Structure formats: C-alpha cells, structure tokens
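Listed below, chain by chain, are the residues.
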Amino acid sequence: MSNPTEIADAPVIVIKKRRRRPFGFYIAGTWVAFVVLVAIFGHWWPTPKWDDSFYDSLGVGPFHRSHILGTTQDGYDMFSGLINGTRISIFVSFFSVLVGGSIGSAIGITSAYFRGRVDKVIVFAFNVLLSIPNLVLSLALLSVLAYSDENNPASTPRRVMVLLMSLTIVIIPILGRIARGSTLQWSSREFVLASKSMGTKNFTIIGRHILPNVAPALLAIGFLAIGSIIIVEGSLAILGIGIPGGASWGSMLANGRGNLEFSPWEVYMPALAIAFTVISCNWFGDYVRRALDKRESKI
Amino acid sequence: MSVLLKLEDLSVSFATPRGALKAVNHVNLELLKGESLGVVGESGSGKTVLSRATMGLLPGTATRTGTITYNGQDVTALPKDEVRKLWGTGMAMIFQDPMTALNPVRRIGSQLTESLTVRLGMDKKVAREKAIQLLKRVRIPEPELMLRKFPYQLSGGMRQRIMIAIAISCGPEMLFADEPTTALDVTVQAQVLELLSELREEYNMGMILVTHDLGVVAGHTDKIAVMYAGDVVEYAPTRALFKNMKMPYTEALFKSIPRLETPTGTRLPVIEGRLPDPTKNEPGCPFANRCPYVQDKCRAQAPPLVDAGDNHFYRCWFPIGGGQ
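Protein chains in written order, with our numbering: chain A, 1 to 299; chain B, 1 to 324.
If you're looking for bench data, these hints aren't it; they were derived computationally from the structure. Just so it is clear, the structure is predicted and the values come from calculations on it, not from any experiment. All residues carry an ideal CB built from backbone N, CA and C; glycine is no exception. It cannot be assumed that every hint is accurate.
In silico EDC-like links for lysine to aspartate or glutamate, alpha-carbon gap of 16 Å or less [as the list claims (entries may be wrong)]:
#1 B:33 <-> B:173
#2 A:196 <-> B:82
#3 A:201 <-> B:81
#4 A:196 <-> B:81
Quick list of simulated restraints, FRET-style, between CB atoms [claimed, not checked]:
#5 A:140 <-> B:43: 49 to 59 Å
#6 B:85 <-> A:188: 20 to 30 Å
#7 A:37 <-> B:155: 42 to 52 Å
#8 B:155 <-> A:207: 56 to 66 Å
#9 B:125 <-> A:207: 19 to 29 Å
#10 B:150 <-> A:66: 55 to 65 Å
#11 B:150 <-> A:37: 29 to 39 Å
Can you build the whole structure from these sequences, using the hints too?
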C-alpha cells in the first residue's frame, strides 16, 4: 500500500489541451494567405514584364534559365503572367464577394428581422436570381452592359467594371439568403425579446445580438463564394467575354487553349492556380465554419 | 396583505386563417404580495399565453380583452413605454429553456449587467459588483470567473440560475416562471425550484409558476389554478386542492403523475382523447369528451364557476365528492 504522501507527491499529469486543427487547414490557409499577398505585393516581384513578348524565346518550356515557368507561343512569360493574373483574379473575386456579401447580408438581415410584405418581395427576388445559374446570369449582364463587336470594342476598364458589377449581383442573393435564414432563427430567441423589452433600438439589437451570431455562417459561405467566383471569372474568360488580353488566370487559360499541343504548360499553369485557390478557399471556409460552430455546444 | 396582481375577465384570442383561436377565456385570478400561484395544465391549455398576456408580450396577431390590475394600476390601459418601465423592475420573467435563452456570443457578465445599466442606470463598476452579488445569491461558485464565461461553458442548471439572476436583477415584485424546469434533469429541477422559493420569500415577490407537472407546484405554491382549453377549471389553495379536488380533469392530471409505489412496468395512466379545437365554439363542457364521469348535461351546457367556499372554485356540473 502506498501511503498518502506518496500519492500526493506523484507527478501530476497535466493534459495539455490543445485544439488540433487538421493538417489541411494549414495548407489551405497558407495558400490563401500566399495568394492574397502575391495579389497585393506581386507587383514588386522582380520578374520579366508580363505584357512584353520575348521574341528570342517563344514557347519555351518550364525551368528555362530566364523564364522559370516557360513562355507562351507568343513569347509572354508565364510566371509574370500568373503573378499579374493573381492580382486581377483575387481582386475581382474578393471585391465582388465583399461588396455583394455586405449588400446581400444587409438586405437579408433587415428583411428577416422586420418581416412583413417587403420581406416576401425580397425572398421572391432572391429566388428568381438564384434560379438562374451563376454563369448564365453574369453572361447575360456582361453581354448587355458591355456589348462589343469588331467595330466598337468595349474598353478594358469598362469590361472590368461591368464584370465586377455582374459578379457582385450574382453574390447578393447567395449570401442574402443565408443571412436571412440565420437571422430568422436568431431573432426569435429570448435574448432578442428581452432586449426589445428594454426598449433597445432595433438596429442596436441587430448589431449587438443578431450580427455576431449570423457572422460565422456568412464568413464560411463567403469563402466558398470566393472559390466559385474565381471559377465563374475563368469560365467567362474562356467564353471570350471576361477580361481580355491574358490579364487574369481565366484569360490566360483562354489564350493558351489553342496551343495545347505545342505548349501545354500554357493551360496547366493557370488551371492549377485556379484549382489550388478554389480548393483552398473551400477548405478554409469549411474549417472556419467548424471552428466557429463550437460556440453553442449542446450538453 | 395587499393584492399585487388581479386579472379580471382576461381573454386572449389569435387571428388565424381558420378564424379566431381562443387561447384564454374569461380568466379571473388574484395574487397577493409575496404569494405564489401555480398554473397547471397540459400543453395547449393556454397557461403560457396567460402569463405572456399578463406581461404584455403577445404577438401582433393576438387580441387581449379584460383588465389586468397590477399594484392598483390598470396595465392594459398604459402606454407602451410605461409598460416597458414595468418590465424587469415590476414584473420579470424566467423563460422555459435556458439552453437557448442566452446569447451564445456574449459573456455572462455583459448579459447580466445589461439590464442593470440600462434600467437602473448603474455605472459599469457598480453593476459588476451587483452582478457578482446576484451570482452569489443564486449559488454560483466563483462568480468573478463566471462573469468572463460564455453560455456554452455552463451546464443547464447553471444557465437557468443565470436566467434567474437576470430576472431578479432589478428587484421585481412579481416573477413569472414559465416552466422553469422542463429543460432540466430532475435533481437540478428540485434545486432550481428550491432556489425560486427562497428568493421569493427573501424579496417578498409574487410568483406565477407555470407548469404541466402537479408535483412541481405541490411544494412551492400557495394556490393552484388548473387550466383546461383556456378556462380555469379549478382554483384553490394548494392544500385544499390536493385534499379535496372537485374537477375530474384535476383528478386525471393527478393520476398521471408517476408514483414510486406502483410496480415496475405499470403503464402510466393517460388522459384519453385530445383538447377540443380552440377555433370552434362547441357548447358544453370542454372536457366532456374525455371525462370519465360525463353525463348528458355536460355536453349540452358549459358549467359555470362554482364557489365551494374557502377560496375553492371549480367548473363542473358533477364534481367529485358531490357539490359543496
């Protein structure tokens, strides 16, 4: 028999509580962070000019001594093109999700909080917009708002503006509906009733009680939306109505499409960039949702 | 003792697509200062609507008639911001489900001090001290630590204690407890009820305890009102009710309490049938279709509220043990 003092002197095993995040979280997070950093600071990366043609090395493969990822058949440097494309693709997707998401959730939250006839109209409008596939909707908006043919081509800035606008419109109902559904659920809770009973102003209640509870869902869906917007942007470029001149990932893909048999890296490189980014955004969004869900664990 | 709350001829109906739904019919109740009243009935009998109507927390589709006198003041006639002043400082409510009543993203401290700073105009430090006292009062260990916690870190019983602390924070004279223990397990139920009774005595609060469990109200109330289909069918001091119940519905409720002495495997007696459709206006006693002692007169004509003396009222043509 061990005496009590021995037991007391026995080393206390401290179980370190460390929340283990899955490995994929770090990979996805790192990639997203890397891409965003490149989008912001890639401008200063010492690479060959992306829009200059190198006539001495047309269509050289990757690992060339001065063109690390090779060049296109027209002599454009792939690496610089990708860096530059990051800026456009990431800017377009983040901007439209941020702006569209803010507008959408503002509409969704207020309409769900106040209900009434306006809410019904908004739900109807969301459903109409959601019933049109993303690609078709932005295609329609683009071809109407930035119409161009050979005689009067739309200028690039105008195209970018219209692209941003149509992608924003695509995002509004997606996040709006999530915000609305989530708000409906939270605004029927007792702490909202209690706050109302104290005479708190409606918008204070929304800011203090509703928004913090709705935000995790919005954040998660927002990341998923960034992924899908990158794809939509790429698809539009391939269809020939995105941003022209190989300025974005999708646009590079579209330009390289014809040279698949001579220089397949022209297609592989931007395609891989898109794939990695989209997958990372989806994973990251999923982890964000799971991490924030723990707030209200059941007993 | 003076009368704290008096409901006279209180009726509530809801506008539904199928017509008016009568949730509460002509209820008369009276509560003295520091007294506790149990409102008992099965689901859908109107007990929650009754307490919400008294608080003035009904949704927009409801219409309320009759008068509610609180401290000699007719509450139904008061403008909205006057009623608002009454909430919390006069009447407070403990909600049914502590799991969902608290905001999951805000700390206990801020939820507890919110009403103190808003309603009583305390400054943050004073409110914090008061919050710690309140938490001690509802027997929460280490109240300073608790203020920093989020609701998900607490158990159901703890959360219900927090809810009680919030409800009593502004020193109300009247407490509505709407099934405060349904979401809790049995041992915690007893503790919470014990705590409520203690607080009631300490602060001399009136309390309305809404429940479907006669066992819950037995030890913790002075009077009991049994509700069925929106009517108060029996109303008596607790002791008198248990000793001498008149209405067959009360008896049926009483019989459906599980008992220790019955052999294992015995089926629990249930009340056969369902509540009458509250949108229809059928003649006769609403309990007639389920009553074991039903007679022809019951189906033809609704019984009036009979005064049996000693504050015992019932609504039945053929009461158990005969009239009076």
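Now the hints, each set against the structure:
Of the supplied pair hints, the one linking residue 33 of chain B and residue 173 of chain B holds, its CA atoms being roughly 8 Å apart against a limit of 16 Å. Distance restraint check for residue 196 of chain A and residue 82 of chain B: the Cα-Cα separation of roughly 14 Å lies within the 16 Å cut-off, and the hinted pair is therefore satisfied. Between residue 201 of chain A and residue 81 of chain B the alpha-carbon distance is near 13 Å, which keeps this suggested pair within the 16 Å criterion. Pair hint residue 196 of chain A plus residue 81 of chain B holds up; C-alpha atoms about 12 Å apart against a cutoff of 16 Å.
At roughly 52 Å, the beta carbons of residue 140 of chain A and residue 43 of chain B sit within the given window of 49 to 59 Å. A hinted range of 20 to 30 Å holds for the C-beta pair residue 85 of chain B and residue 188 of chain A, which are about 25 Å apart. Checking the proposed 42 to 52 Å range against residue 37 of chain A and residue 155 of chain B shows it holds: the Cβ atoms sit about 45 Å from each other. Range check, residue 155 of chain B to residue 207 of chain A: Cβ separation about 30 Å, and the 56 to 66 Å hint is violated.
At roughly 25 Å, the beta carbons of residue 125 of chain B and residue 207 of chain A sit within the given window of 19 to 29 Å. The beta-carbon spacing between residue 150 of chain B and residue 66 of chain A, approximately 57 Å, falls within the hinted interval of 55 to 65 Å. Between residue 150 of chain B and residue 37 of chain A the Cβ separation comes to about 33 Å, which falls inside the hinted range of 29 to 39 Å.
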